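Asks: These are the residues of each chain, in order.
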Amino acid sequence: MGKQILVTLYRDEVAPRFDLCSEVLLVTVDATGHEVRRQDLVLASSGADDLCDLILDREVAVVITGAVEEEHYHYLRWKRVTVIDGVAGLAGDALTRYLGGNLDPGAILFPRLSHA
Amino acid sequence: MDQNTVASISGLDRADLLRVLGGLPFGVAVLDSERRALFLNPALEDLTGFSSAEVAGVPCRHVLRGSFCLHDCPCPPRGEACLAGGNRSREGTLINRNRRKIPVRLTSLPVTDRSGEFLCSLDVIEDLSALKDMETRLSVSASPGQIVGRCAVMEHLLRILPAVAQSDAPVLLTGESGTGKDLLAEALHRLSPRARESFVRVNATPMPEALLDAELFGQAEGPGGAPRPGKFQLAQNGTLFLSEIADMPLAQQGRLLRLLDERAVLPAGGDRPMQLNVRVVAATGRDPEDMVRQGLLREDLFHRLNAVRLHLPPLRERGEDVPFLLAHFLKLFAAKFRKPVTGFSDEAQQQLAAYDFPGNVRELRNLVEYAVMVCPKDTVGTEHLPLPLRFPLAPAPKAPFAEASQPQPDQARKPARKKG
Chain V
1 MGKQILVTLY RDEVAPRFDL CSEVLLVTVD ATGHEVRRQD LVLASSGADD
51 LCDLILDREV AVVITGAVEE EHYHYLRWKR VTVIDGVAGL AGDALTRYLG
101 GNLDPGAILF PRLSHA
Chain P
1 MDQNTVASIS GLDRADLLRV LGGLPFGVAV LDSERRALFL NPALEDLTGF
51 SSAEVAGVPC RHVLRGSFCL HDCPCPPRGE ACLAGGNRSR EGTLINRNRR
101 KIPVRLTSLP VTDRSGEFLC SLDVIEDLSA LKDMETRLSV SASPGQIVGR
151 CAVMEHLLRI LPAVAQSDAP VLLTGESGTG KDLLAEALHR LSPRARESFV
201 RVNATPMPEA LLDAELFGQA EGPGGAPRPG KFQLAQNGTL FLSEIADMPL
251 AQQGRLLRLL DERAVLPAGG DRPMQLNVRV VAATGRDPED MVRQGLLRED
301 LFHRLNAVRL HLPPLRERGE DVPFLLAHFL KLFAAKFRKP VTGFSDEAQQ
351 QLAAYDFPGN VRELRNLVEY AVMVCPKDTV GTEHLPLPLR FPLAPAPKAP
401 FAEASQPQPD QARKPARKKG
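As given, the protein sequences belong to chains V and P, one line each in that order. Mapping to the numbering used here: the first sequence position 68 is 68, numbers consecutive. Mapping to the numbering used here: the second sequence position 278 is 278, numbers consecutive.
Treat the hints with caution; some may be incorrect.
Here are the simulated lysine-lysine pairs, DSBU-like style, with alpha carbons at most 30 Å apart [stated by the list, open to error]:
1. V/Lys79 - P/Lys339
2. P/Lys377 - V/Lys79
3. P/Lys101 - V/Lys79
4. V/Lys79 - P/Lys231
5. P/Lys377 - P/Lys336
6. V/Lys79 - P/Lys336
Per label pair, the in silico range of CB-to-CB distance [unchecked claim]:
7. V/Ala61 - P/Val153: 55 to 61 Å
8. V/Glu70 - P/Arg196: 46 to 52 Å
9. V/His34 - P/Ala15: 24 to 30 Å
10. V/Trp78 - P/Gln275: 49 to 55 Å
11. V/Ser45 - P/Ala15: 27 to 33 Å
12. V/Ala61 - P/Arg100: 23 to 29 Å
13. V/Arg77 - P/Arg196: 55 to 61 Å
14. P/Ser51 - V/Ser45: 33 to 39 Å
15. P/Asn277 - V/Glu23: 58 to 64 Å
16. V/Ser45 - P/Pro227: 57 to 63 Å
Taking beta-carbon pairs under 7 Å as the criterion, some of the chain P residues facing chain V (in silico) [as the list claims (entries may be wrong)]:
17. Ala56
18. Val58
19. Arg61
20. Arg65
21. Leu70
22. Gly92
23. Thr93
24. Ile95
25. Arg99
26. Lys101
Since the hints were derived computationally from the structure, they do not count as laboratory data. Note that the structure is predicted; figures quoted are calculated from it, not measured. From the three backbone atoms N, C-alpha and C, an ideal C-beta is built for every residue, glycine too.
The task is simple: from the sequences and hints, build the whole structure.
Replies: So, in structure tokens, the structure goes:
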């Protein structure tokens, strides 16, 4: 039994805001975690409610996104969707890390400067 | 461009500059030409939930997470557009690390060297939460709230309400049950200069007089020995609403009269009166003159409260308001329940028009709530109306107080109206 993973997109990055995202990456993986299908969906309009509807309609199991408001976060959790939010980085990197079991909420994947 | 850019500004050393930015009471981010974060001051760290160290080098859209970041950045990367001038302020929201949406204003200030070369951007982020809260409070306080009506009587009432609210005179609200006396009292408070203070509702339900006395006027020594404030003390500087003056025993009516005259209250068991600044709004569903005749309401208190009297007519006397209120509540509940209901069928409208709503606006509101709840289509039909409306019962005897206040038998139940 496979599962669907949705990554909110802004260009090639994870969208910084869930509610403002107008494009998503939908990836289907099989039971062994191998990617079997990848779809880019451009949304007619951005909005957290519509995006939640899409997530539930498509029976998405995991959402990887940037900032999400508490209300929508808890709604998706209540609907048994795993939400990995606060992710800052390239969408491809985030997906790879998730499939490798190595992506936590709040992960910052961009290279960082060291503070003097 | 790296974070040492900061050090090159204005000859200040880097530590001095960061200390200056750190002491500012609003959020400041220093960003490089690619709008990557170089530094967040403590105020911005508090606002966003990110520390300066953990986001150094991260694109600011992933740090500020503002509604303006993706498509309306005031200072896009590489600086040219930023230096070109124009409005560099944006109002919007950010979502912080705790998933809280915060209204903010961002102002982006490009920093250049002497030759005009872009060095970095100083982004100032102001938290507008308090301002937005105040705007909301003011907009709510400037409206009569949930009281709506289009008939002449209601329009007159809503027109004089702001003027009545400005006065400190006691107000007596009359009207049958379900006409909206509680809402009117709240609207009076919201429109008054006391709007920021407490609105305290008192329901003088039957209880032992000593207990009611303590409840209303407080106790000098409550349980545990500490003074216990009564409802009047809790309403200090605000408004006290007596939801049914007829329920108040005569002894307490006498104390209320003294309070209105002397503007002071003596807590039970106390010997020092406490000065009070409270506006009293009283309501009754009965005919107050009749209550005076029956000895249920002190005549002197009635005259004191009757300084300003506002009467809410029953719904059956607000003919044109019925279709308006039906449409108003339909829209309200359709939005609340997220249902695509847009109107009533002709048959449902005829049944509703023929009904006289003895429970007034409250009954109409509940009826529409039920209809919207059970309606699976876009139009409410007769089958979605509550059963008593679909199969009317024989007229029930009116409640005793309603009979007392409405002695005209010919008006007690209006015959069914014909539509059209």
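Asks: Output the numbers, in ascending order, of every earlier hint that fails for this structure.
Replies: 4, 8, 9, 11, 13, 22, 23
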